[in-house]
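Undergrad: According to UniProt numbering, the residues represented by the sequence shown are 1 to 169, in order.
One should not assume that every hint holds.
[Claimed, not checked] Cross-link-like lysine-lysine pairs, in silico, DSS-like; alpha carbons within 30 Å at most:
id, residue 1, residue 2
1, Lys8, Lys75
2, Lys142, Lys34
3, Lys75, Lys56
4, Lys95, Lys8
5, Lys140, Lys48
6, Lys75, Lys89
7, Lys140, Lys95
8, Lys142, Lys48
9, Lys34, Lys75
10, Lys75, Lys5
11, Lys106, Lys8
12, Lys99, Lys89
13, Lys48, Lys34
14, Lys142, Lys89
15, Lys89, Lys56
16, Lys106, Lys95
17, Lys142, Lys75
18, Lys89, Lys48
I should point out that these hints are in silico values taken from the structure, not numbers from a laboratory.
Predicted model, so just to flag it, every value in this text is computed and none were measured.
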Amino acid sequence: MVSEKIAKLINEQIAHEQYAAQYYLSMSAWFSGKDLDGIANYFRVQSKEELMHADKMFDYLNDVGGEIIIGEIAKPPHEFENATDIFEKALAHEKIVTKSIFNIVKNANEEGDFATTSFLQWFINEQVEEEASASQYVTKIKMVCDNPSALYLFDQELSQRVFTPDPTA
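Turn these sequences into a full structure, and let the hints guide you.
TA: Have a look at this one:
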C-alpha cells in the first residue's frame, strides 16, 4: 500500500525520532548532574514523547504494509556549554525534525499517497507545538539563567510536566 520510497523516508524518520529521544535523555542527564531536576524532568518527558512518535510511525508503516528497517542511531552529544546552549540545541533539533516530516509529506503528496499525508497531519500539528514551546523556553532560559532565584522557579515550573501517552499511539 505504501511505496518503497515513502517507507524508506518513514524508516529514516523513525530513526530520527529515536535519536531525538536519546538526545533529550542526554540533555536530561546534564541537568540532573547540575541538580536541576525539574528541567531534567522536562527533557525526560521530551525523550518519552519522541519514543512514542517513533512507535506511532512504526505502527503506521506496519499497518500500510511497508517494510520496517530499524536504522542505526548515532550517539548524541553529552557535553554542553550551559543551559541556554541546551535549549537552543533542542529548538534547532525540533526544526530539523519539522523539515524531515515536511519532506515526507511533500513526497507523499507527489505520489498521491493520501493515507500517509493524512497520518502525518498529526505530526505537523505536533511540530508546530514543539517548535513554539522550545522557542518559548529558549527565551525563558535566557531571562533566568543568571538569576538563581528565577532559575529555581523555572526549574520548579518544568518539574510539573508529566508524560501523557497519546491514546491514538
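Undergrad: Tell me the numbers of any earlier hints that the structure contravenes, in ascending order.
TA: Violated hints: none; all satisfied.
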